[in-house]
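So the protein lines, in turn, are chains W, L, S and B.
In terms of our numbering, the first sequence opens at residue 1 and continues consecutively.
In terms of our numbering, the second sequence opens at residue 347 and continues consecutively.
In terms of our numbering, the third sequence opens at residue 693 and continues consecutively.
In terms of our numbering, the fourth sequence opens at residue 1020 and continues consecutively.
Rather than coming from a laboratory, the hints here were simulated on the basis of the structure.
Positions of the beta carbon are idealized from the N, C-alpha and C atoms, including for glycine.
Possibly wrong hints are sitting among the right ones.
Unchecked claim - Rough simulated footprint, nothing fancy, chain W against chain B, three-plus residues with beta-carbon under 8 Å:
no., region
1, 1078-1084
2, 1142-1149
3, 1160-1171
4, 1204-1210
5, 1295-1307
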Amino acid sequence: MAVNSTVRPAARLSESTLRDMYWTMLLARRLDERAWALHRQGRIAFHISGIGQEAAQVAAAFAINRGVDFVAPYYRDLALLLALGMPTTDFMLSLFGKHDISSGGRQMPFHWSFKHLNVVSGSAVVTTQVPQAAGLAFAVKYRQQTGMVDPQDTTQPRLALTCLGEGSTSQGEWHEAMNWAGVHKLPMICFVQNNMYAISEKPHQQMAVANVADRASAYGVAGAVVDGNDVLAVYDAMVEAVERAYNGDGATLLEAKMYRLTPHSSDDDDRTYRSREEIELWKARDGIPRFRQHLIDVGVLTEAEAGDYDARARAETDRAQQEADAAPMPAPEEALGDLYAKGELD
Amino acid sequence: MAVNSTVRPAARLSESTLRDMYWTMLLARRLDERAWALHRQGRIAFHISGIGQEAAQVAAAFAINRGVDFVAPYYRDLALLLALGMPTTDFMLSLFGKHDISSGGRQMPFHWSFKHLNVVSGSAVVTTQVPQAAGLAFAVKYRQQTGMVDPQDTTQPRLALTCLGEGSTSQGEWHEAMNWAGVHKLPMICFVQNNMYAISEKPHQQMAVANVADRASAYGVAGAVVDGNDVLAVYDAMVEAVERAYNGDGATLLEAKMYRLTPHSSDDDDRTYRSREEIELWKARDGIPRFRQHLIDVGVLTEAEAGDYDARARAETDRAQQEADAAPMPAPEEALGDLYAKGELD
Amino acid sequence: MPEITLIEALRQAMDEELARDPRVFVVGEDVGPRGGVFRATQGLYEKYGANRLVDSPLAELSIVAVGIGAAVADLRPICEIQFADFIYPAFNQIVNEGSRMYYRSNGAWCVPMVIRVPYGGGIGGGLYHSQSIEAYFSHVPGLKIVVPSTPYDAKGLLKSAVRDPNPVMVLEPKKGYRAIKGEIPDGEFTVPIGPARIAREGRDVSVFAYGMMAYYAAQAAETVAQEGIDAEVIDLRTLLPLDQDAILNSVKKTGKALIVHEDMQTMGYGAEVAAVIATDGFEYLDGPVRRLTGPDVPGVPYSHPMQEFFMPNPEKIADAIRDLAEY
Amino acid sequence: MPEITLIEALRQAMDEELARDPRVFVVGEDVGPRGGVFRATQGLYEKYGANRLVDSPLAELSIVAVGIGAAVADLRPICEIQFADFIYPAFNQIVNEGSRMYYRSNGAWCVPMVIRVPYGGGIGGGLYHSQSIEAYFSHVPGLKIVVPSTPYDAKGLLKSAVRDPNPVMVLEPKKGYRAIKGEIPDGEFTVPIGPARIAREGRDVSVFAYGMMAYYAAQAAETVAQEGIDAEVIDLRTLLPLDQDAILNSVKKTGKALIVHEDMQTMGYGAEVAAVIATDGFEYLDGPVRRLTGPDVPGVPYSHPMQEFFMPNPEKIADAIRDLAEY
Ligand SMILES: Cc1ncc(C[n+]2csc(CCOP(=O)(O)OP(=O)(O)O)c2C)c(N)n1
Ligand SMILES: Cc1ncc(C[n+]2csc(CCOP(=O)(O)OP(=O)(O)O)c2C)c(N)n1
Ligand SMILES: [Mg+2]
Ligand SMILES: [Mg+2]
């Protein structure tokens, strides 16, 4: 996948980009499903899924300058990370607790960190990445304002994108981050993936407003709500936010509505708090088959090609799993690691 | 001062209540000025002032069921506390670090606590009282909803009033408190005393919106802005908020605009960050002479009576100071105090 | 007497206290219909309803702060923090507020609240689902901290915590939730907050531990007993205030002290135990005070081999006892 | 060499680092035109402007979190927390985030940030303007903590902190801001993070202290010297990582250890120092390890007599040295 920096509306996306987007969503879905299977087989200890959120994530990634702009993701962002350039094998390594790039096996899977892609390491503690993303965006602006970089230089990060769930906006951390973004007019995009649940709790137990994005006005930032299962709609909304950031016009709170199609994690039993019917209803709105059909309808993809993609995604998943499977486990003493960075930084 | 529970608009306030309100504002001003004088004389170590905020505070207090409803105040609330029934001597004792009711001399002055008035002890850490006030309001509602008390019972607390400065709303604590108030529709009033400064910082350095109350909509609570120097306007706005709380219609974010007429505290030098002209401008809008004139205009007070009030306030201040002066200092070992409450609570 | 798990004991304690006192309520993330992510409140929502089992917004600071306000208003909140690792947003409210309320108001206000916190590693939780937090909170005068390691203590201490007029943190060794089983009597009972428990009497070496490590220490003591080493195991059980007498009495007998915790060593809880011994038990000592703890790294790694490297276990404890016995 | 105050030394360090590296900036409440409530940044706003001296919203969590993000993005933030008592809202970001970034990313990301924190009592600040916080933060692997007690160390350590690739907390004994004066050389210098400083050599008793208490301990040592007691004073200076060798070397010489801090005793920093001695210095000891500290109450009371009761001072330290010397 080529790293692009194209800020253009969905209507002007090239066919190959559209296919890339579809491929990434599909691959994420297959990898994610495989993780569930591996967990059922007792081969991995834990899985937390992004199934149902791939369309929105891929759209978000494709709208920024991938690999250059800062990203502070959250645990469900598998599709986003694939779109940014995470190797599939690395994902599989992390599932097995092996030497992945993100943490060398120290962190649970889904705690992404890719320095070469400007994806900053996160924790499991929800929302902590959001004020840090304000700091990343602050650094972007600081460099521009103090003349250290040219604001037009596309080899430099020009914004910080951060993701979180709707429930996580209840944290004080989120308020402080959004407030910084507003007061300091930061090039930040807060991308809320509202999947209707925070483990068992529903949005009305988190907030007394209909949309997280309704809170944008409280911070003096732009806000928008978009259908998270409509990849091109999310993409267009993101492009607006990206242009705002690049142009120095401040932050955006973008909320994509979607649905968590799986239990919260492999430890969860969602039968205690939601009906099977509700899930089926949302399955029918799944963004992946929807985009597939759209691409076929507009002639970007044929049925045969789509079938091909399916086969390739499965093959790529197999390959990644096998490669990761063959890799050794970390040595016990690696727990000690390096506690402190050494020397003076230049 | 009799404890009242009258929820009535300002237009229907009795003459004696109006005079009570004026008296309380005036007394607060005199005590506060005396504290500055004592500090200049090196007789007390520290002072933090409510000068310029008395009108709003007195209005707020008079609108609730004083001594019964819960109050979680902040450090500038001298006038509010007097209106609630704090003895003047006790204030003076606290200035001298003697055995005051609030803390027995353990806390700095202005860390009010009066169990018999349902005024809950606070810290100097800004904003912490606000989510606690949500807890107080939660308890009010819990008792009503579980049938432990009758919602009409005026001998029971029916709301929680909490105060803070505009700068303190930048804390994550505030977001979480307001969010609880919204989600759980709590009988809480968050009274923001926007005095245009947080030490040296101006409101636009705290938030990218014009008013704190603009944020009410983000929490699904009612919001209003009022002129803090207009005691009757604040009173009416508070009455609305109180009725909302008493009727089970949820929380209010009420913001009173005013001006901190003194430096932040006796440790501050405000010449580093604001002009003398600006202060003079605001002095002209001071709520106390304005209310005095109003009462004279409407015939509630004569010039002579007003002069009398001045003399009485000075005398009361003298008396309180002398009484506090004569009291002994705490013994050193009282530092040990009681670390834990003993026994089982009933 | 029926044998139950640690978590069932905690559930029973809450059930009984909810039934006993209408002021008791539980507040936290997913404590309602979901019954808690560890199922500590399973069935309680159905029994006591939404007023008493309160699903909170995802915000630990306010779970605790609302608890403080409600306790001040004479309710009896049981606040659940989903994992110990997520308690820090509430640090300010616990340290600056709840724990100081009584002292700062000169005894006028008290805060009868409970904070339940599943903690500890060895469960594949990595850096952020494995933490021990007792070190931070045992430096907070005004707070009490208990750590049960048996179902009996779990039920009895939690019930005492609910009835205590002070804020009490209940640290629950989550690896033991289902692994630790034990008998409890049928009727009502409580376990007092304060006294440590002699889990095993012995004359050669004193082992001080709590939570999962107390459970392991007892196993290790049985192992070394077969080799002729008679270890005394003290389950500290209440970390704040610390039962100094229990520690000193034991060291007086054995002359040797080993402290075990899974938390990192530097400024871990073992430091205070060692300091107490070095000051007031100095004359009893026949050897150095030893600590067997997790290493000084920022957390328990996820990958299994690294996790096992981090965690103390019965074998490592037995080795440390042998070592010290030989001194 | 000119004699300057502790706070002037800190101001100079920031001034020089701001001039040296355009990535260095200061962020905090009132650090701009106001120059900080203690005046640590006085004149810097005029010199470096609003981009480099950033008045933040009144929100410590985000002061630190924005600092972390900026440091990750290769800037060099100096975050000012107005009073130590107000740092807890940032506890989560410091403990779970900044200090773990390097370890959790397997060395990919580092966090070259400084957190400056005025701390300590004896200044009429009461429960919420007097706190010591080192105990909480010295249990955070990945963080470094320094506490200067001389202008030389203040300037040298702060400059080292700015250049260090790790998060460094600089605890500033605010009672000494203007009270402590000392000489510093004219040109550029730094003081390494890590080694303790022998403030006074002696053979009879080792006194371990830091910050204001190191300053007082040196005074106390002079007092007892006149009585023939030769106390060694070790200014620990870096609390994390702890210079264990310096401690053990001193105890080896004197056989007696007194630890002094103003913070509360239980699980205070002295616990770790005592534990290190009880473990690795056991064979050197000629007497119990003693701690002279603030009492276990929730904070320093405001009222003057109670404050004085709480705070250690040169007289109390001298008494404690005499006591231990007699053992
Ligand atoms: C501070 C904190 N508290 C609690 C948790 C436990 N937890 C993990 S995910 C989650 C729900 C998050 O919901 P939401 O923000 O909507 O994101 P989603 O998982 O739905 O994508 C909770 C409570 C946590 N990780 N961090
Ligand atoms: C958490 C915290 N941070 C910093 C401070 C120091 N401080 C005390 S008052 C104040 C400004 C408060 O401003 P505002 O909320 O507007 O209230 P005002 O003083 O203007 O009434 C600051 C920064 C504090 N007390 N608590
Ligand atoms: Mg969600
Ligand atoms: Mg203000």
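Now for the hints, and whether the structure bears them out:
{"no.": "1", "hint": "1078-1084", "result": "holds (count 4)"}
{"no.": "2", "hint": "1142-1149", "result": "violated (count 0)"}
{"no.": "3", "hint": "1160-1171", "result": "holds (count 3)"}
{"no.": "4", "hint": "1204-1210", "result": "violated (count 0)"}
{"no.": "5", "hint": "1295-1307", "result": "violated (count 0)"}
In the structure shown, a violation is registered for the earlier hints numbered 2, 4, 5, in ascending order.
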